[in-house]
Every structure is written in C-alpha cells, then in structure tokens.
Amino acid sequence: MKVGFVIGAVLSAIVLGLAVLSFVWTPYDITQLDVANKLKGPSDVHWLGTDHFGRDLLSMVMMGARTSLAVALVAVGIGMGLGIPLGLTAAALQGGWLDEVIMRGNDLIFAFPSLVIAILITAVFGASAVNAIIAIGIFNIPVFARLSRGAALSLWSRDFILAARVAGKGKARISWEHILPNITNLMIVQGTIQFSLGILAEAALSYIGLGAQPPTASWGRMLADAQTLLYIAPHTALVPGLTIVITVLGLNLLGDGLRDMLDPRLRVDRS
Amino acid sequence: MLIYTLRRLASLTVSLIVASFVIFAVIEVIPGDPASFMLGVNARPDTLAALRAELGLDQSLPVRYFAWVSGMLTGDFGISYTYKTPVAGMVADRIWVSLPLAIYALILSTAIAFPAGIYAASRRGGVGDTAVMGATQLGVAIPNFWFAMILVLIFAINLRWFSAGGFAGWDKGLFAGLWSLTLPAIALALPQAAILARVMRSSLLDMLGEDFMRTARAKGLTRRQALWRHAVRNAMIPVLTILGLQFSFLLAGGIVIEQVFFLPGLGRLIFQSISARDLIVVESVVMLLVFLVIVVNFLVDLTYAWVDPRLRRRT
Amino acid sequence: MTLLSVRNLSLSIGDTDILHDVDVDVAPGQITAITGESGSGKSLTALSVMDLLPRGSQVQGQILFGGDDLLAMDEAQMCALRGNDIAMIFQEPLTALNPVKSVGDQVAETILIHTDESRRQAKARARDVMNRVGLDGISLDRFPHELSGGQRQRVCIAMAIALRPKLLIADEPTTALDVTTQATILDLLKGLVREFDMGLLMITHDLAVVADFADSIAVMQMGRVVEAGPTGDVLQNQTHPYTRALLAASTHQVDLPDAPSPDPLLVVDGVTRTYRRPRVGLAAPGVVRAVDDVSFTLARGERLGLVGESGCGKSTLTRAILGLDTVQAGDITLGGKSVFADGLAVRRRMQVVFQDPYGSFNPRHRVDRLITEPFHVLDRPPKGAARAQVIARALTDVGLDPEDAGKFIHEFSGGQRQRLAIARALIVEPDLIVFDEAVSALDVSVRAQVLDLIADLCRKRPLSYLFISHDLSVVRTVTDRVLVMRAGQIVEQGPTEDVFQNPTHPYTQELLAAAPVLPDYATAGGPT
Numbered sequence: 000m001k002v003g004f005v006i007g008a009v010l011s012a013i014v015l016g017l018a019v020l021s022f023v024w025t026p027y028d029i030t031q032l033d034v035a036n037k038l039k040g041p042s043d044v045h046w047l048g049t050d051h052f053g054r055d056l057l058s059m060v061m062m063g064a065r066t067s068l069a070v071a072l073v074a075v076g077i078g079m080g081l082g083i084p085l086g087l088t089a090a091a092l093q094g095g096w097l098d099e100v101i102m103r104g105n106d107l108i109f110a111f112p113s114l115v116i117a118i119l120i121t122a123v124f125g126a127s128a129v130n131a132i133i134a135i136g137i138f139n140i141p142v143f144a145r146l147s148r149g150a151a152l153s154l155w156s157r158d159f160i161l162a163a164r165v166a167g168k169g170k171a172r173i174s175w176e177h178i179l180p181n182i183t184n185l186m187i188v189q190g191t192i193q194f195s196l197g198i199l200a201e202a203a204l205s206y207i208g209l210g211a212q213p214p215t216a217s218w219g220r221m222l223a224d225a226q227t228l229l230y231i232a233p234h235t236a237l238v239p240g241l242t243i244v245i246t247v248l249g250l251n252l253l254g255d256g257l258r259d260m261l262d263p264r265l266r267v268d269r270s
Numbered sequence: 000m001l002i003y004t005l006r007r008l009a010s011l012t013v014s015l016i017v018a019s020f021v022i023f024a025v026i027e028v029i030p031g032d033p034a035s036f037m038l039g040v041n042a043r044p045d046t047l048a049a050l051r052a053e054l055g056l057d058q059s060l061p062v063r064y065f066a067w068v069s070g071m072l073t074g075d076f077g078i079s080y081t082y083k084t085p086v087a088g089m090v091a092d093r094i095w096v097s098l099p100l101a102i103y104a105l106i107l108s109t110a111i112a113f114p115a116g117i118y119a120a121s122r123r124g125g126v127g128d129t130a131v132m133g134a135t136q137l138g139v140a141i142p143n144f145w146f147a148m149i150l151v152l153i154f155a156i157n158l159r160w161f162s163a164g165g166f167a168g169w170d171k172g173l174f175a176g177l178w179s180l181t182l183p184a185i186a187l188a189l190p191q192a193a194i195l196a197r198v199m200r201s202s203l204l205d206m207l208g209e210d211f212m213r214t215a216r217a218k219g220l221t222r223r224q225a226l227w228r229h230a231v232r233n234a235m236i237p238v239l240t241i242l243g244l245q246f247s248f249l250l251a252g253g254i255v256i257e258q259v260f261f262l263p264g265l266g267r268l269i270f271q272s273i274s275a276r277d278l279i280v281v282e283s284v285v286m287l288l289v290f291l292v293i294v295v296n297f298l299v300d301l302t303y304a305w306v307d308p309r310l311r312r313r314t
Numbered sequence: 000m001t002l003l004s005v006r007n008l009s010l011s012i013g014d015t016d017i018l019h020d021v022d023v024d025v026a027p028g029q030i031t032a033i034t035g036e037s038g039s040g041k042s043l044t045a046l047s048v049m050d051l052l053p054r055g056s057q058v059q060g061q062i063l064f065g066g067d068d069l070l071a072m073d074e075a076q077m078c079a080l081r082g083n084d085i086a087m088i089f090q091e092p093l094t095a096l097n098p099v100k101s102v103g104d105q106v107a108e109t110i111l112i113h114t115d116e117s118r119r120q121a122k123a124r125a126r127d128v129m130n131r132v133g134l135d136g137i138s139l140d141r142f143p144h145e146l147s148g149g150q151r152q153r154v155c156i157a158m159a160i161a162l163r164p165k166l167l168i169a170d171e172p173t174t175a176l177d178v179t180t181q182a183t184i185l186d187l188l189k190g191l192v193r194e195f196d197m198g199l200l201m202i203t204h205d206l207a208v209v210a211d212f213a214d215s216i217a218v219m220q221m222g223r224v225v226e227a228g229p230t231g232d233v234l235q236n237q238t239h240p241y242t243r244a245l246l247a248a249s250t251h252q253v254d255l256p257d258a259p260s261p262d263p264l265l266v267v268d269g270v271t272r273t274y275r276r277p278r279v280g281l282a283a284p285g286v287v288r289a290v291d292d293v294s295f296t297l298a299r300g301e302r303l304g305l306v307g308e309s310g311c312g313k314s315t316l317t318r319a320i321l322g323l324d325t326v327q328a329g330d331i332t333l334g335g336k337s338v339f340a341d342g343l344a345v346r347r348r349m350q351v352v353f354q355d356p357y358g359s360f361n362p363r364h365r366v367d368r369l370i371t372e373p374f375h376v377l378d379r380p381p382k383g384a385a386r387a388q389v390i391a392r393a394l395t396d397v398g399l400d401p402e403d404a405g406k407f408i409h410e411f412s413g414g415q416r417q418r419l420a421i422a423r424a425l426i427v428e429p430d431l432i433v434f435d436e437a438v439s440a441l442d443v444s445v446r447a448q449v450l451d452l453i454a455d456l457c458r459k460r461p462l463s464y465l466f467i468s469h470d471l472s473v474v475r476t477v478t479d480r481v482l483v484m485r486a487g488q489i490v491e492q493g494p495t496e497d498v499f500q501n502p503t504h505p506y507t508q509e510l511l512a513a514a515p516v517l518p519d520y521a522t523a524g525g526p527t
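Chains as they are written, first to last, in numbering that gives the first Met the number 0: chain C, 0 to 270; chain P, 0 to 314; chain B, 0 to 527.
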C-alpha cells in the first residue's frame with residue numbers, strides 16, 4: 000500500500016471523525032458568544048483560538064465539517080444518482096437521438112459553472128445550504144454522465160458484451176449486469192475527487208454568501224468573517240483555510256490511492 | 000475543415016439558444032411575478048405597476064423572451080432597476096476587469112503548468128517529478144479565495160508590494176492596471192495550474208507508451224527529441240479540453256476572487272444585484288458569462304481540429 | 000562476413016529472466032528470421048539490438064554490429080546509429096505512425112535527424128523513398144489515418160530505409176495485414192534487401208512466411224535459441240523436438256466425421272447491408288455496400304467456412320447472422336425462423352465464439368456464471384444441483400476441470416479461455432455455433448489443440464457451425480464447405496477441398512497464391 004493512500008485515509012478519517020464527534024461533543028458551545036475572549040490566539044484553553052465573537056475556533060471547525068461533508072456528499076450523490084444512469088443510457092443507445100440529447104444537455108450544463116448555477120438559484124430562491132447542494136449537484140451530473148458514458152462505450156465494443164447480446168439479453172439488463180460492475184471502480188475514484196471538489200465549491204459559495212446561512216457553521220463563512228480581520232487576527236483565516244486544505248488533500252490522496260489499488264489503468268478526469 | 004467549423008458553429012448557436020431559454024425560465028418564469036419578487040412584499044401598488052410595465056409583464060412569455068433576446072443582440076441589456084442606468088453600460092465598465100483577469104490567469108496558469116507538466120513527465124519517477132507532483136497535489140487542495148487572502152497577508156499587508164485591494168483602472172496605464180490584477184490573477188491561476196500540470200503530465204506519460212514513440216526512437220531521435228516532436232502535440236489533445244473548462248472556472252472563480260480584492264468586476268455587480276433583487280442585471284450578466292464560456296469552448300473545438308488532423312474530416 | 004552477430008545475449012527485466020545465451024547472425028544481403036511462439040523472447044531480442052528495451056532491463060553478452068559491440072555504446076552513439084545504420088519496423092503500422100504528423104514529415108524526419116540536408120532536400124528525398132516503396136500516388140501531406148494498412152506499413156518501411164541502413168529489423172511486419180497485402184510487403188522487403196545489400200532480421204511467428212522468405216532461421220522457445228541454421232536445413236531436418244512440434248502444429252490437420260445429408264438449417268437470403276461512408280474532402284458522401292446481396296445455406300450438421308480479407312464484409316455478415324445488426328434487405332432464418340423477427344426463439348439455438356480470448360469474458364464474474372450466461376434464453380434454466388452438473392459436464396467436455404467453475408477468468412491462459420468460450424457456446428446445446436476468428440489470436444500449438452477439441456466435439460454430437468477466418472489453412476481443415484467473400488459478395492463457394500485444389504474465381508486464386516505455405520519437405524513430419 001502506498002504512503003499517499005495511508006496519509007489520505009488518515010486525514011479523511013480525522014475530518015470525518017471530527018464531524019461525527021460534533022454531534023455529541025464540541026469543546027465549546029458555538030452558540031454562546033464570549034466577547035471578552037474574542038480574537039484570542041491558540042492557547043491551552045482554546046486550542047485553535049477564538050473568533051471575533053469569542054467563539055472557539057476548534058468547535059467552529061468541527062461544526063463546519065458537518066456542513067462541508069454533508070453538502071459535498073449529497074452533491075456527489077445527486078451527480079452519481081442522475082449522471083451514471085444518464086451516461087449508461089446514452090452509451091446503450093449510442094448514436095441515437097436520446098444519446099445526442101443527453102450529451103448536448105451535458106455540454107450545456109458545462110457552460111454553467113457551478114457558481115453561475117448557484118447565482119441563478121440564489122437570485123430567485125435566496126441563499127441556503129440546500130441551494131448550494133443543488134448547484135454543486137447539478138454540476139456533478141455531466142461529470143459522471145460523461146465519464147460513465149465513455150467507459151461504458153469502450154465496454155460495449157468488447158466481446159463479452161456481444162456474447163451477452165447473442166445470449167438474448169436486453170440493453171438495460173446488460174448495462175446493469177455487465178457494464179455497471181465494470182465501471183464501479185472508476186466511479187468510486189471519480190466520486191472521491193468530486194467530493195473534494197464539492198468541499199472546495201461549498202467553501203467558495205459560503206464565502207461569497209451563496210451557501211450555508213447563519214447560524215449554520217461553515218468553513219467558507221468563517222473565512223468571510225476572517226477577511227476583514229486579516230491584519231489583526233490572521234489565525235482566524237489560517238485555521239479554517241488549512242482545515243480545507245488538509246481535508247481536500249486527504250481526499251485527493253485517498254482517491255489517487257484507491258485508483259492505483261483498484262485499477263492502475265483508470266483514467267480519471269481531474270478537471 | 001470548413002464543414003467542421005460550420006458544424007461547430009451550428010452547435011454553438013443551439014447551445015446559446017437553449018442556455019437563453021434556461022436563464023429566461025429561471026429568472027422570469029419560476030418566480031411567478033418578477034416585479035413583486037423584485038420589490039418585495041411591501042411594495043406600493045403604483046411602483047409595482049410601473050415596474051410591471053417597464054418589464055413588459057403584461058405581454059406574453061414568447062414576446063418577452065424575444066424582446067429580451069433581440070435586446071441582447073443589439074446591445075440593449077435593459078435598464079437596471081436599482082441603478083436606473085442601462086445594464087449594458089454597467090457591464091461594459093466591469094467586463095474590462097473580469098475578462099482581463101480571467102485571461103491573465105489563464106496565461107499564467109498555462110505558463111506555469113506546461114513546463115511543469117512536461118518537466119515532470121520527462122523525469123518520471125525521479126526527484127523532480129515527485130517534487131512537482133507533490134506541489135500540484137497541494138495546489139489542487141487550496142481554495143483560491145483563501146490563497147488570495149494569504150497572498151494579501153504576505154504581499155500587501157506585510158511586504159506592501161501590492162495594495163490589498165481595489166483596481167487602479169486602465170486609464171492609469173496598462174502597467175498600473177495589470178499590477179493591480181496581478182495578485183488576483185496569481186490566486187486564480189496557481190490552483191488551476193496545478194490541475195493543468197497534472198493533466199499535462201499524465202497525458203504525456205500516456206503518449207510515451209505509444210508505439211509511435213518507439214518508432215521515433217528507432218529513427219534515432221533522442222528521448223528528449225522524441226518527447227518534444229512527437230509526444231507533446233499528441234498530449235495537447237486532452238489538455239485542450241481541460242483548458243477550455245478552465246476558462247469557465249477562471250471566469251467563475253474570478254467572481255469570488257473579486258470579492259477578496261474588492262475589484263469592480265462582474266462578480267461585484269452580480270452580488271450587489273442579487274442583494275438588491277435586481278433580476279434584470281442578474282439575467283443579462285449570467286447570459287453574458289455563459290456566452291463567453293460557450294464561445295471559448297467553440298474556439299477550443301477549432302483548435303482541436305488544428306492539432307488533430309483526424310478530426311478535420313469527421314463530419 | 001557477418002553484419003550483426005549476437006553472442007551469448009542474456010536479458011532479465013526486474014527479477015525475471017527473459018533471454019538465455021541467445022546467438023543470432025545476420026549477413027549483408029541476407030534475411031535471418033527469428034521465429035517462435037509468444038513469450039519466446041523473439042521481439043525482445045530485436046529490441047536488444049536497437050537498445051530500446053523496457054525500463055529495468057539488464058543485458059549481458061555481446062551484440063557485434065560491423066565489429067563494434069553495441070552494448071558498449073552510450074546513448075548518444077546509439078542515437079546516431081538508429082535510423083541511420085540500423086532501422087526497424089513494427090507490427091502495427093497504424094499505431095507506429097504519429098497520427099498528427101503528415102507521412103511526408105515523418106519520412107523526412109529520419110533524413111533531417113541524421114544529415115545536414117535542408118527541409119526541402121529532405122522532403123525531395125522522402126518523395127524518392129516513398130516512390131521506391133510503391134507509394135508513388137500518395138502525397139507527402141497525407142496523414143496516417145487516410146491510408147490503408149498496407150500503405151501505412153510502406154510508409155514505415157520508407158522511414159526505415161530512407162538512409163539505406165545496413166541492417167533492417169522487422170518485427171512481425173505483416174502480421175496485422177491481409178494475406179494479399181502481406182505478399183506484396185514481403186516482396187518489397189526482399190527486393191530492398193537485394194538492392195541495398197542490406198541485412199534483414201525478421202521476427203515472425205509464421206513458419207510458412209519464414210520458409211519462403213528467409214535465408215536462415217533461428218527457432219526460439221522460452222528465451223533460448225533451440226535450433227538455428229539455413230532455412231532449408233532447419234525445416235527439413237527438424238533436429239529439435241520443439242521445431243518438430245511447431246511445424247506439426249502449423250500444418251495441423253483434424254479428422255472431421257462425414258457430413259450428414261443436406262437439411263437446411265441456416266438460410267441467408269439476399270442479405271444487403273449498406274453504410275454511409277463519411278465524407279472525404281470534397282467528395283460526396285458515398286454508400287458502402289458492406290454486404291451485397293449475399294445468399295447461402297448451411298445444412299444441419301454441416302461445417303461451413305467463410306473466408307475473406309479485412310473489409311470484405313464478413314464481420315458485418317456475422318453480426319447480422321447473430322441478430323446484432325439489422326439489414327436493409329433480405330432475411331436470415333435459422334430452422335425456418337427469422338433471426339430479426341423471432342428474437343429469443345432463435346437466439347437460444349445459436350451461439351458464438353469470438354476471437355479475443357481476453358475480451359470475451361466479464362472479468363468480474365466467475366466461470367460458473369460466465370459459461371451459463373446463455374441460460375438466460377431458456378424458459379426453465381437448470382437450478383441448484385442440476386445446474387452444477389451441467390456446468391461440470393460442460394467444463395469436462397472442453398477438457399477443463401469441474402473445479403474451475405469457481406475461478407475468475409484472469410486465472411486462465413488464452414487457449415483455456417477459448418475452451419471456456421466453447422463451453423459457454425455449447426451449454427444450451429444450440430443448433431448452430433458461429434466461430435468468429437475463434438483461433439486467430441492463438442499460438443500455433445494452442446491453436447492445434449483447440450482445433451482438435453472442435454473436431455472431437457463434432458464426433459461426440461452432430462455440430463453445425465459457421466467458421467469465419469482469414470486463415471486459409473485453418474478453414475481448410477475444419478470445414479466441409481467454404482464460402483469466399485470479397486467486397487460484400489460471395490465470389491465462390493463449394494466443397495472445401497475442391498475450392499482449395501481448383502479455385503475457379505480469380506480472387507480465390509489470388510488469395511491462395513498469396514498465402515504462404517510450408518514446403519512439402521517440412522510438412523512430411525520430420526526426418527524419417
């Protein structure tokens with residue numbers, strides 16, 4: 000097993016552990032303001048320091064992990080849940096009109112970066128974590144649709160698929176029985192990458208105010224708050240920022256490690 | 000080649016039309032009554048009526064759609080409700096910040112990523128490769144807006160080489176303008192460069208395993224000559240796809256970075272309009288962004304055909 | 000005097016020993032062939048001479064070229080030599096050429112690398128070389144994808160001989176080509192050897208090609224040269240048992256039981272399938288008649304062969320028979336039922352064995368599930384113990400172990416996989432089996448075993464099959480009747496022996512003439 004994979008797995012496990020732990024315990028209650036202790040640097044009382052309301056940054060980071068992981072997870076779920084069936088359908092009907100419609104639809108979504116989708120949604124429905132999920136999720140659909148279509152197409156030309164067709168199996172059944180199991184690894188690897196991209200996107204949306212709203216804790220909003228305090232309390236920016244870096248780095252290392260372990264020939268789209 | 004171009008052009012047009020449907024539907028159809036949405040629940044009936052008239056809400060949807068599209072085509076983006084000025088003028092001011100920023104970042108990103116990717120691929124498994132790959136792994140994980148804040152902390156607050164925000168304006172000269180876009184461009188470009196370098200490297204490594212590389216070596220080319228003459232151009236094909244996608248990310252990412260640096264670009268305009276519920280501005284600016292992305296992808300498609308002769312005759 | 004002499008060459012890659020004390024000589028103006036089955040190390044011997052081995056290779060011994068030891072040379076010296084004094088061509092001409100560069104540029108590149116000539120002079124010289132290899136009609140500006148397989152290999156040859164190297168190495172240069180194209184390429188190579196007084200080191204698995212073509216021959220097995228000498232001597236004396244086995248397998252004949260009385264099973268009636276041709280340049284998009292009004296009948300119990308070169312339409316026809324593609328005109332019936340209209344009812348009576356032993360099975364399923372896939376078409380597939388029994392019998396029938404049912408496909412060799420494919424085809428006891436190039440990817444000795452298996456099965460039960468192949472010698476031994484297909488049409492058909500002995504259609508004659516055959520003295524079964 001590679002070193003990168005182990006590091007990635009450990010980092011991801013720590014972040015996940017913190018998020019889970021926050022349901023039962025955080026060092027401090029982040030709904031309690033403690034203005035007397037605002038903007039304190041890291042100490043043995045507040046391990047990561049406090050923000051401008053005197054809230055414990057470690058507790059904020061733990062609560063924020065919940066938001067980030069939940070948003071990214073659901074967004075990947077949307078992308079996989081809709082994208083993979085679309086991709087498999089398009090591949091099964093290669094060259095047909097439905098294939099064409101699905102692929103053109105994908106191209107269209109690619110013309111709307113997730114941020115633009117979020118802007119459109121927010122302009123009409125207002126900002127919320129749910130809208131962030133939808134925006135990131137919609138953007139994930141074509142990622143999985145394209146990847147699964149491409150992988151499925153190369154499988155459709157393989158002899159074992161022809162053999163299944165000669166055995167009288169329908170396209171839907173072949174897709175389910177033969178194609179899907181053979182692209183699962185690829186999807187898992189891409190899933191971890193989209194998951195880490197989702198965390199970055201969620202942070203960006205929250206940062207510009209299009210994501211989770213107060214009182215929900217979020218790493219992006221912590222950074223937005225920290226921006227005006229950069230000069231006097233740089234640790235308020237460093238703590239959530241480094242948390243994001245560590246989380247995303249961990250997930251990416253995990254994804255790369257999975258790819259190497261599952262199939263060294265997998266090609267993963269890293270855009 | 001001509002047929003290929005025409006086909007791409009047709010597909011571009013279709014994409015634009017469908018995109019305009021989507022935007023129109025989200026902004027003008029889903030809210031029900033855009034005028035009361037924009038004014039809020041406490042609006043006075045006469046202002047509401049005035050806005051309805053201005054938006055042409057008494058007309059049918061197709062008429063409004065065509066009025067909007069034909070307006071956009073002739074450069075009439077409507078009148079901003081909050082600022083009472085033509086949207087076209089507001090956009091024109093701001094696009095000269097956002098577009099140069101995206102292009103600046105794209106150039107930086109490419110200039111860093113290509114050499115880094117080629118270098119890493121040519122030293123596969125060596126120390127240089129490991130170092131570049133480690134750096135890109137980190138680069139991919141850094142949120143660009145946070146990186147921007149760190150740059151401000153180091154180069155503006157501590158070193159005072161740059162101002163912490165704001166835009167000097169092009170009227171102060173090209174250099175002053177570019178200088179004030181430099182930190183934002185770096186913040187945008189480095190994470191993208193990390194992605195691009197990884198794609199470049201893996202694409203090149205794929206090519207190094209191809210039969211024609213062995214043929215090139217059998218002809219007497221050195222490893223380096225074979226890499227430059229035969230692998231790089233073939234490796235560009237997947238890289239171009241990423242480059243096209245990157246432009247849309249840079250354009251969108253720029254909206255966020257503008258917030259960090261207080262740049263008067265399209266991003267700022269959009270956020271002000273969203274909080275003022277000025278749907279007219281949002282609608283037009285989003286359409287413009289999408290237009291830019293689609294046009295860039297069209298250009299990428301044309302470049303494909305230039306790089307890959309196999310595409311030129313494909314119908 | 001010798002031009003190249005490889006002495007005591009040993010090679011290991013990582014911890015694996017590949018070559019052991021290999022000796023090979025090539026003289027100027029002479030052709031030396033290295034032959035052997037896959038894994039014998041013949042290609043790596045050639046790459047050792049070029050010093051283009053994979054990473055992690057360790058070489059020992061001597062490779063003397065004109066008296067200098069190539070193994071002692073550094074990379075810069077080798078670069079100066081490659082393409083200039085020693086050149087090489089490869090098996091697959093499409094992938095051997097850079098897809099994004101014009102063929103003229105690629106030929107001229109050899110000249111530009113090694114000489115001081117200007118780009119213009121190099122292009123002019125490239126033109127001459129292309130003309131010499133028979134590409135006079137082909138513009139320098141064409142790209143590889145616009146040429147045929149044979150033309151591409153000619154471009155590769157042009158690239159290799161542009162500077163008149165002293166030694167040319169050809170690694171399976173005709174394996175990817177059709178038999179008629181193969182003949183012209185071999186002629187070209189032979190002509191170049193004589194004209195330039197060049198030494199040619201030819202790597203091939205095909206003994207029939209060697210017999211006609213090479214002056215001397217080295218037979219390799221598992222990294223060793225087991226027998227070497229002048230071609231005639233080696234083929235006639237067959238001192239080494241492996242040489243004997245290889246020759247026997249190459250011309251392997253099987254005993255088929257007599258064909259039963261005619262009772263039509265598969266009827267192909269006036270089938271036509273056209274494709275739209277993509278537009279090339281300004282020419283109007285044309286229509287390709289891939290299968291053009293084809294009719295034939297396969298009787299119950301008959302073993303019918305279908306031969307033709309690539310692009311003749313046999314794959315399209317096969318897909319239509321299997322019901323995978325529709326046709327524009329005509330009908331195909333099996334036992335009176337249309338393969339298009341009657342779907343499942345016909346499917347259960349027809350099975351297929353494909354060429355690629357690696358792509359034919361889902362890598363994620365176990366053997367029991369793989370070979371019972373056709374159960375899908377049965378109304379009441381066997382369950383539980385009955386199923387296990389059927390699986391065990393199917394595996395035993397094809398010479399495998401019932402224990403194999405729990406294994407995954409990657410645990411089997413290529414030959415074993417083809418046995419599994421046959422087991423899968425037979426498990427529902429179909430009326431008709433389609434063998435689509437089913438033994439083409441196998442080494443000769445494995446191929447001989449699989450052919451024996453097919454004949455064996457025919458003796459156990461009446462088996463009707465359509466055997467599609469480009470390999471004439473195989474079709475000759477396993478079929479009763481044969482169809483010859485060209486450009487979408489059946490140009491000749493008749494009892495197999497008659498067609499092979501007295502071909503009437505000029506194309507069949509051309510095909511048979513082009514196919515290399517081992518001389519009689521080599522097939523007599525060795526020294527007596």
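Calculated directly from the structure, the hints in this document are not laboratory data. Certain hints may be false.
Short derived list, chain P residues pointing at chain B, Cβ under 8 Å [stated by the list, open to error]:
1. 61
2. 63
3. 211
4. 214
5. 307
Below, computed lysine-lysine pairings styled on DSS-like, alpha-carbon distance capped at 30 Å [unchecked claim]:
6. P:171 <-> P:83
7. B:459 <-> B:406
8. B:189 <-> B:100
9. B:406 <-> B:382
10. B:122 <-> B:100
11. B:336 <-> C:170
12. B:189 <-> B:165
13. B:406 <-> B:336
14. B:406 <-> C:170
15. B:336 <-> B:459
16. B:406 <-> C:1
17. B:382 <-> C:170
Remember, it's a predicted structure, so these values are computed and weren't measured experimentally. Built from N, CA and C at the ideal position, the CB exists for glycine as well.
Status of the hints after comparison with the structure:
{"no.": "1", "hint": "61", "in the structure": "violated (38 Å)"}
{"no.": "2", "hint": "63", "in the structure": "violated (42 Å)"}
{"no.": "3", "hint": "211", "in the structure": "holds (4 Å)"}
{"no.": "4", "hint": "214", "in the structure": "holds (5 Å)"}
{"no.": "5", "hint": "307", "in the structure": "holds (6 Å)"}
{"no.": "6", "hint": "P:171 <-> P:83", "in the structure": "holds (28 Å)"}
{"no.": "7", "hint": "B:459 <-> B:406", "in the structure": "holds (27 Å)"}
{"no.": "8", "hint": "B:189 <-> B:100", "in the structure": "holds (28 Å)"}
{"no.": "9", "hint": "B:406 <-> B:382", "in the structure": "holds (20 Å)"}
{"no.": "10", "hint": "B:122 <-> B:100", "in the structure": "holds (14 Å)"}
{"no.": "11", "hint": "B:336 <-> C:170", "in the structure": "holds (23 Å)"}
{"no.": "12", "hint": "B:189 <-> B:165", "in the structure": "holds (14 Å)"}
{"no.": "13", "hint": "B:406 <-> B:336", "in the structure": "violated (37 Å)"}
{"no.": "14", "hint": "B:406 <-> C:170", "in the structure": "holds (27 Å)"}
{"no.": "15", "hint": "B:336 <-> B:459", "in the structure": "holds (27 Å)"}
{"no.": "16", "hint": "B:406 <-> C:1", "in the structure": "holds (28 Å)"}
{"no.": "17", "hint": "B:382 <-> C:170", "in the structure": "holds (25 Å)"}
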